[in-house]
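A.B. asks: Spelled out, the chains give:
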Amino acid sequence: MISSKLPKVFYGGDYNPEQWSKDIHTEDLRLFKLAGIDMATINVFSWAKNQPDEATYQFEWLDELIDSLYANGIYICLATSTAAHPAWMAKRYPDVLRVDADGRKRKFGGRHNSCPNSPTYRKYAEQIADRLAGRYQDHPAVLVWHVSNEYGGECYCEHCETAFRVWLKKRYRTLEDLNRAWNTSFWGHTFYDWDEIVLPSNLSEHWGNNKSNFQGISLDYSRFNSDSLLECYLLEYHAIKRHIPESIITTNLMGFYKELDYFKWAQHLDIVSWDSYPALDTPFSFTAMAHDLMRGLKDGQSFMLMEQTPSQQNWMPYNSLKRPGVMRLWSYQSIAHGADTVLFFQLRRSIGACEKYHGAVIEHAGHEHTRVFREVTQLGAELKTLGDATLDASVPSRVAVIFDWNNWWAIEKSSGPTVALKYLEQIHKYYKAFFDQHIQVDIISPSTEFNKYDIVIAPVLYMVKEGVAERLEQFVEQGGTFLTTFFSGIVDEHDLVTLGGYPGKLRKLLGIWVEEIDALLPTQQNRIVLKEKIGLLEGSYACGLLCDLLHTEGADTLAVYGEDFYQGMPALTRNRLGNGAAWYVATDPDQEFLYGLVTSICTELGIRAPLTAPDNVEISIRSKEGMDYIFVMNHSREPQQYHIQEGTVFELISSQEYSGEVTIAGHDVHILRRSQL
Amino acid sequence: MISSKLPKVFYGGDYNPEQWSKDIHTEDLRLFKLAGIDMATINVFSWAKNQPDEATYQFEWLDELIDSLYANGIYICLATSTAAHPAWMAKRYPDVLRVDADGRKRKFGGRHNSCPNSPTYRKYAEQIADRLAGRYQDHPAVLVWHVSNEYGGECYCEHCETAFRVWLKKRYRTLEDLNRAWNTSFWGHTFYDWDEIVLPSNLSEHWGNNKSNFQGISLDYSRFNSDSLLECYLLEYHAIKRHIPESIITTNLMGFYKELDYFKWAQHLDIVSWDSYPALDTPFSFTAMAHDLMRGLKDGQSFMLMEQTPSQQNWMPYNSLKRPGVMRLWSYQSIAHGADTVLFFQLRRSIGACEKYHGAVIEHAGHEHTRVFREVTQLGAELKTLGDATLDASVPSRVAVIFDWNNWWAIEKSSGPTVALKYLEQIHKYYKAFFDQHIQVDIISPSTEFNKYDIVIAPVLYMVKEGVAERLEQFVEQGGTFLTTFFSGIVDEHDLVTLGGYPGKLRKLLGIWVEEIDALLPTQQNRIVLKEKIGLLEGSYACGLLCDLLHTEGADTLAVYGEDFYQGMPALTRNRLGNGAAWYVATDPDQEFLYGLVTSICTELGIRAPLTAPDNVEISIRSKEGMDYIFVMNHSREPQQYHIQEGTVFELISSQEYSGEVTIAGHDVHILRRSQL
Amino acid sequence: MISSKLPKVFYGGDYNPEQWSKDIHTEDLRLFKLAGIDMATINVFSWAKNQPDEATYQFEWLDELIDSLYANGIYICLATSTAAHPAWMAKRYPDVLRVDADGRKRKFGGRHNSCPNSPTYRKYAEQIADRLAGRYQDHPAVLVWHVSNEYGGECYCEHCETAFRVWLKKRYRTLEDLNRAWNTSFWGHTFYDWDEIVLPSNLSEHWGNNKSNFQGISLDYSRFNSDSLLECYLLEYHAIKRHIPESIITTNLMGFYKELDYFKWAQHLDIVSWDSYPALDTPFSFTAMAHDLMRGLKDGQSFMLMEQTPSQQNWMPYNSLKRPGVMRLWSYQSIAHGADTVLFFQLRRSIGACEKYHGAVIEHAGHEHTRVFREVTQLGAELKTLGDATLDASVPSRVAVIFDWNNWWAIEKSSGPTVALKYLEQIHKYYKAFFDQHIQVDIISPSTEFNKYDIVIAPVLYMVKEGVAERLEQFVEQGGTFLTTFFSGIVDEHDLVTLGGYPGKLRKLLGIWVEEIDALLPTQQNRIVLKEKIGLLEGSYACGLLCDLLHTEGADTLAVYGEDFYQGMPALTRNRLGNGAAWYVATDPDQEFLYGLVTSICTELGIRAPLTAPDNVEISIRSKEGMDYIFVMNHSREPQQYHIQEGTVFELISSQEYSGEVTIAGHDVHILRRSQL
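Chains as they are written, first to last, in the numbering used here: chain E, 1 to 677; chain X, 1 to 677; chain Y, 1 to 677.
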């Protein structure tokens with residue numbers, strides 16, 4: 001998409017010359033050239049500079065900046081500068097300030113600080129986007145429009161409360177329907193007038209850590225808040241499109257960010273972009289999963305890595321340096337999973353305020369003679385060599401894991417059965433079972449087409465939305481393999497229980513009835529005992545967290561509980577339906593069990609890793625025009641061996657041919673090209 | 001009392017058909033019959049349904065419901081529906097909304113949400129109680145009136161502040177007396193006008209976890225808040241009594257609920273009722289102690305078990321299922337300690353909102369073919385067999401433990417000597433020393449008559465109210481055995497220290513002077529070293545928390561400290577006074593020491609267990625008309641043996657005769673009838 | 001200074017007879033005489049008593065009290081009673097009430113509760129100080145004036161916000177300068193009008209535990225708040241001085257109290273006084289360091305120990321008794337480090353409110369027959385014997401540790417690189433390395449004259465104020481030894497980074513360039529490996545927290561890292577400059593390393609302990625008129641040996657001569673007089 005301008009992975013990042021003098025900017029241009037930088041994200045936080053008061057706009061500095069960058073071969077990702085409102089606006093129009101979940105009105109400060117339903121914010125945000133688009137619509141440097149920055153957070157002000165009621169009227173039409181959806185007859189919360197409805201907050205229905213008395217109202221608030229911010233995005237989006245219909249517009253997402261339903265947002269992004277900030281001890285499988293989610297948002301379309309740090313963060317408890325080679329390794333990891341740009345936050349490090357200890361291409365020392373700069377330069381050169389080989393390439397996967405924001409919210413707002421259930425942990429656990437065996441996975445939404453996959457995994461599919469059960473049944477009947485777990489099929493999209501027996505709408509598909517759900521204390525465990533060997537699975541495995549007590553209704557019992565009063569009841573079942581099978585894991589097993597289970601299922605379906613490699617070596621493939629580009633990434637410090645099963649392949653970075661047993665250095669990357677099988 | 005209608009333990013629970021359709025109600029009636037259910041608590045949260053606006057009341061649905069239940073043999077525990085105010089009321093009259101201890105005005109939400117001093121709430125709560133009583137005064141189905149639900153919480157609004165000043169004027173008459181009682185000359189807090197007094201909150205005198213700068217004002221606030229809620233209860237109580245003088249009125253209590261002084265409340269309850277929710281890992285001795293407190297509130301009168309869950313709760317961190325047999329076991333435990341009803345929350349499980357994962361007689365599956373329903377049915381049948389055998393029966397105890405809400409508040413609002421002192425833990429520790437040896441204990445208030453007991457235990461009797469020391473002296477002089485501990489006799493009811501030497505008013509009784517009190521770090525310990533063997537007590541035992549450094553003034557030193565600079569000072573003393581003895585345990589010993597101590601004292605007084613049994617088998621007796629009903633309850637999963645010392649006894653559930661060594665199955669219960677000794 | 005009245009260490013403490021009856025006061029006078037008490041601090045919390053309403057003052061009770069104390073040989077430390085405003089003032093003038101960092105307006109309660117910028121508070125506080133000074137200006141009993149009490153805390157009200165803007169205008173003159181100092185171009189926070197600036201709070205720039213988005217504004221708020229309270233102090237100070245120019249005025253400080261910059265305050269105190277409250281497990285080196293700080297505030301001038309407890313505190317989690325002898329030991333410790341008074345909080349224990357469990361000379365028992373009273377009496381007698389020997393004596397130190405409140409604030413408001421960096425821990429770690437080897441240390445500010453020391457240590461000198469680097473260079477060139485650590489030389493006083501390479505202004509002095517800073521996880525460690533033996537230092541030592549990755553630019557590398565990718569890079573360097581040396585410790589080493597390092601440096605400079613003693617025996621010297629008074633303090637329970645290297649010395653308490661090997665009893669103190677070397 002953006003590859004029309006330069007047939008290579010764009011390289012650069014956030015740049016804030018408004019914090020610096022002219023001569024430093026000149027020096028920056030010299031350094032950018034050294035590093036091979038060809039894209040800069042600018043104007044992210046310049047609202048106060050651009051609009052010093054209500055009536056005045058001043059963009060001359062921006063004209064100059066864009067021209068000077070472009071003159072030096074640098075394309076622009078142009079932000080709209082609305083990510084933090086000016087101090088004068090907060091002073092004059094306090095409606096731009098948010099109110100938090102404890103009812104406290106914020107004062108001017110921080111960023112992401114504007115109420116999404118503030119009339120003032122909406123008016124001026126749209127206005128500045130409009131002016132920017134009008135001014136730069138024809139500038140050849142501007143490749144991507146970057147609306148605001150890292151949308152997020154919540155507001156509980158009166159403007160939001162009023163807007164919430166409007167949103168609800170549109171959704172439910174009548175109070176009868178709303179009362180039914182929220183089950184307000186419980187605790188006598190029946191609403192007789194729309195104005196009686198207040199935002200669910202720590203002052204009304206919420207308590208503890210994100211728990212709610214009424215999941216229905218709280219779910220709707222989460223949806224409303226995500227929609228409110230999306231509306232802000234869309235105001236700017238449309239303001240730009242009015243001037244430049246063919247513009248490429250995005251806003252930078254944040255991976256598994258709980259507050260916003262990115263599947264809904266992505267429909268309105270021309271390209272997905274995101275900010276990736278793993279810590280030293282983040283499992284690299286988790287980072288990979290986040291990239292896969294970002295790719296999944298637009299159904300496999302490649303995305304922009306909008307931000308990553310060249311070395312350390314500043315906002316974590318312990319901000320480790322990226323070890324030598326790791327920035328490069330993780331950059332290739334993003335490409336391997338679908339990124340078509342590699343951008344940093346930030347090109348030059350601030351002198352003051354809270355991000356001055358965040359890494360940058362140009363450090364406080366101010367010159368090129370640093371380890372970080374050298375590594376940035378090396379990667380810059382390599383990306384030139386790589387050229388357009390991977391641009392717009394797809395990532396072929398036969399396995400999909402369903403992830404759903406609504407389900408995430410609903411599970412964790414639930415009061416009972418256990419506070420220990422974390423949806424993301426469950427998603428990662430199943431993802432990792434494939435990932436560690438070098439099997440590519442897509443992360444999809446429940447409304448993604450299932451039929452292009454062989455295997456669909458839905459860990460804790462607690463909420464089953466309209467039509468999903470039917471589509472899953474069809475998928476299985478046509479030969480698909482479906483797997484879900486304990487605490488699935490319980491509620492509809494209002495968090496109302498499907499009566500008649502769990503797992504509700506999935507009961508037929510799974511051929512089971514779950515009678516009871518036992519929550520285990522952190523000190524308790526049970527065991528999954530295999531009835532007979534299934535592939536690598538044999539003997540018994542630890543499990544815990546929740547244990548479903550179920551009865552089969554057509555499914556086969558493959559394993560049973562080993563302990564407690566439900567010893568002997570099914571813990572793993574498989575239901576044959578049509579040409580496919582639907583598996584049910586009735587409890588939370590250890591990772592070993594999942595490795596065995598995944599291996600068994602994949603083996604049966606003939607799904608296997610493209611290479612043989614140890615599990616600290618990651619394998620990921622991009623495919624394009626009949627060629628596979630196999631990324632081999634060594635996440636350990638030590639050299640590792642991997643094995644090319646057949647033939648000879650070409651390695652793009654070194655321009656060498658490899659075959660058979662290959663040694664890959666610590667933290668090194670190989671990109672192997674071969675014809676698609 | 002309520003046994004006049006049906007000569008058996010009433011069986012049933014909370015029922016909310018307003019959440020369901022007609023045909024589900026019809027199905028419920030069928031299922032109730034199967035389960036042997038004959039009582040339903042209704043109308044608990046129906047205020048918004050009953051009164052959809054200020055001027056309108058609609059009770060037709062309730063007429064129908066009561067009739068339909070009664071027609072199916074089900075009696076009614078009729079709630080007044082004031083446990084959660086309607087949304088319209090919060091919207092129109094914000095004075096019904098509470099202000100929390102941080103000064104935050106609540107918005108509509110949750111339950112137990114009404115300010116107890118709100119004029120609007122008081123007006124409408126009384127009004128609806130009045131209407132209900134007028135409407136159903138002659139209905140034969142209504143056996144018990146259930147005012148509101150689980151009263152609790154606090155409010156810090158302006159209405160409460162004004163009411164607090166009125167309450168204080170009534171209590172102190174003059175500001176001089178108030179200033180003296182609160183010792184306001186400390187830190188120059190002297191009040192010259194009643195209006196200068198503000199509620200003690202996190203914005204004024206409170207800090208940390210429940211600590212206060214001025215214990216006097218904070219104690220008075222706790223009393224005032226308990227009284228304010230009691231006034232709300234009484235408004236409804238009297239509204240009902242005006243129509244039905246002979247009605248039986250209660251509200252459901254919550255065991256050791258800190259905010260309300262239930263000894264004061266119980267004076268205004270016709271029958272005590274309470275909600276019992278032990279967790280999987282709650283010691284069964286603690287549950288027993290709570291039952292004994294509930295029985296003690298009205299001086300031994302039997303009580304209603306108003307709520308328990310058929311299986312799991314939803315509001316704990318980890319909501320375990322009740323193991324097979326445990327619901328039955330704990331139901332009998334409540335009867336053994338004085339309950340004359342066995343009621344559940346809830347008869348049918350909600351479809352939505354925060355209690356949908358709370359257990360119910362009828363689960364989401366909606367039919368009778370569940371483990372839970374089968375266990376409920378079995379117990380229903382057994383309770384029919386049991387008939388009226390235990391109704392109104394007393395629980396004979398020769399030992400009493402003094403428990404006092406004012407003392408609880410005062411100890412834990414104290415700044416120093418240690419944050420680790422928890423009153424309830426100390427109460428349970430001494431209770432358990434008797435309980436584990438199968439010796440029945442009453443939990444009494446300091447104003448209960450002591451002379452009917454052989455032993456009175458008062459752990460940490462920090463606050464000694466007017467007249468209590470004199471009554472204890474008299475009790476001991478007449479032959480009683482009294483025991484108290486460290487940090488006792490320190491203050492009067494205003495939390496003002498009794499000068500002249502600790503333990504103040506108890507000094508003569510105990511024959512000691514406590515010079516200093518050492519608070520131990522969690523990592524520190526001392527030892528209690530016996531001077532010579534006393535019964536089973538010999539050698540030395542670990543102790544900690546607080547160590548009194550005391551001198552005897554007439555008492556005998558039975559044990560001394562083994563370590564630190566106060567090595568050799570008394571740690572256990574006994575003062576002979578008249579015909580009795582007063583014991584003092586100067587520190588917090590391990591449980592082993594207390595077993596030995598209790599055994600020694602009981603042996604000397606000829607108090608012994610009715611049966612020989614291991615300590616995971618509980619024994620409790622109810623007596624009536626010359627007969628003892630000995631409940632033998634096996635709290636372990638495995639079978640246990642117990643021994644009937646003499647003769648043959650009749651077991652009521654199995655209708656068998658037992659003698660000598662008896663085996664009781666895991667989680668099983670025997671009810672042995674024998675003539676009183 | 002105050003020694004002109006009585007040639008001895010004044011002895012006594014806080015006394016609140018307004019809480020007591022006449023006859024108790026009479027009894028107190030008898031007990032004071034027994035205990036050798038000759039100073040009482042009075043009128044600390046009597047504002048409400050002194051001024052019962054706006055128009056009325058009543059001091060007759062104070063006249064009587066002062067006369068009666070003086071008649072009994074007791075001098076007065078006269079407080080101004082402004083430490084807690086009266087209730088009527090809070091009711092009538094709510095501007096005296098503070099607003100907290102969460103924006104919550106306080107209600108009447110507690111103490112230290114007045115907004116420092118409240119017009120009402122300032123007016124009445126000044127007025128009462130004026131009246132007191134006028135009334136008692138000629139009273140011979142009054143030796144010291146004690147303004148308010150333990151100033152502290154913060155306020156975020158509108159009065160403070162307005163005053164903050166005034167303070168900023170004075171500091172920055174123009175908004176351009178302010179915007180530059182705060183780097184507001186970051187995140188577009190540019191201010192175009194002074195009124196747009198709001199106080200940095202949890203509602204604006206602050207988050208988490210004391211972290212800020214904009215360190216510049218937050219640092220200025222800390223300075224402003226410290227100054228605001230100082231202004232309150234000065235209003236009273238000048239009111240007194242107007243009446244009594246020669247008065248000695250103080251306010252009691254609290255050691256390492258973070259909120260107030262005591263180096264700035266001390267300039268306005270005639271004598272420093274402070275309240276020392278170590279816990280049972282506070283290292284005695286930490287207490288010594290706090291005393292040394294208090295002495296350092298006025299450049300070595302002796303100070304008053306204004307408060308300590310005779311035995312326990314009440315406000316700690318676990319309030320241990322002071323073991324026998326410990327109160328005496330710690331009293332002498334304060335004298336050894338520069339105290340010329342020994343005062344207690346409190347002389348008589350309150351009957352009610354939150355300090356009733358705080359130790360006192362006269363306990364609740366009310367008589368002299370207590371361990372605590374006996375120990376107080378013994379010390380009283382000894383202090384008479386000691387006479388004026390140590391009054392005004394200096395504490396000779398060749399080593400100084402730089403401590404700076406601005407640096408403390410800046411380090412801990414920083415976002416990154418690690419939350420684990422605690423400035424005070426680093427200060428104590430280096431202090432302790434000398435202290436445990438019996439080498440006297442001064443705690444000084446960065447503006448103290450360095451040249452009088454041989455060694456200046458500046459742990460984590462993150463902020464380098466104007467002129468400090470130059471003065472340190474001069475100090476080293478002239479032969480001084482300077483040592484600093486990782487994360488030094490980073491910012492200026494606005495928390496703006498010194499560009500061009502760390503450690504900025506210290507780079508030339510240290511001869512190094514720090515390229516990167518690695519923050520270690522709590523589970524990570526590295527090692528410092530010595531290149532060759534330096535004194536006792538050899539082999540390798542554990543280190544962690546932060547690791548600077550540095551390059552020498554003239555300095556010698558003495559040790560290197562042993563692990564990770566920066567293995568072999570310098571971890572300890574020494575730069576020879578002129579006649580001196582500048583050391584750099586690039587990471588946070590274990591205490592063992594620091595012992596070795598300090599020993600090496602001291603040995604080279606001929607600095608050694610005055611006596612040989614084990615490290616639980618503290619040694620500290622005061623010098624006067626050619627004599628040294630060596631305090632030998634045994635902080636262990638067991639007897640210890642120490643060694644007098646040469647000659648015979650006179651011990652003042654026992655009036656005995658000692659030489660050679662001396663045994664000192666557990667918790668005992670020797671004061672050895674010898675001619676200065």
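Hint data in this document are derived by calculation from the structure and do not stem from the laboratory.
On a predicted model such as this, the values are computed, not experimentally measured, just so you know.
The reader is advised that the hints may include incorrect statements.
Identical chains blur together in the list; that is why a pair holds if it fits in one copy or across any two.
[Claimed, not checked] Within a straight-line C-alpha distance of at most 30 Å, the following computed DSSO-like cross-link-like pairs (lysine-lysine) qualify:
hint : residue 1 : residue 2
1    : LYS298    : LYS264
2    : LYS465    : LYS531
3    : LYS22     : LYS508
4    : LYS170    : LYS531
5    : LYS91     : LYS169
6    : LYS49     : LYS211
A.B. asks: Check LYS91 against LYS169 for me: Cα-Cα at most 30 Å, and say if that holds within a copy, between copies, both or neither.
C.D. replies: between (33 Å within a copy, 19 Å between copies)
A.B. asks: Given identical chains, is LYS22 near LYS508, meaning Cα to Cα at most 30 Å, within a copy, between copies, both, or neither?
C.D. replies: between (69 Å within a copy, 28 Å between copies)
A.B. asks: At most 30 Å between CA atoms: does that hold for LYS465 and LYS531 within a copy, between copies, both, or neither?
C.D. replies: neither (34 Å within a copy, 67 Å between copies)
A.B. asks: Tell me, please, which holds for LYS298 and LYS264 at an alpha-carbon limit of 30 Å: within, between, both or neither?
C.D. replies: Within one copy, since 10 Å is at most 30 Å while 60 Å is not.
A.B. asks: Measure nothing new, just compare the shortest in-copy and cross-copy C-alpha distances for LYS170 and LYS531 to 30 Å and report within, between, both or neither.
C.D. replies: neither (53 Å within a copy, 75 Å between copies)
A.B. asks: How do LYS49 and LYS211 come out at 30 Å by Cα distance, when the copy is not named: within, between, both, or neither?
C.D. replies: between (41 Å within a copy, 26 Å between copies)
Comparing the model with each earlier hint shows violations of hints 2, 4; every other hint is respected.
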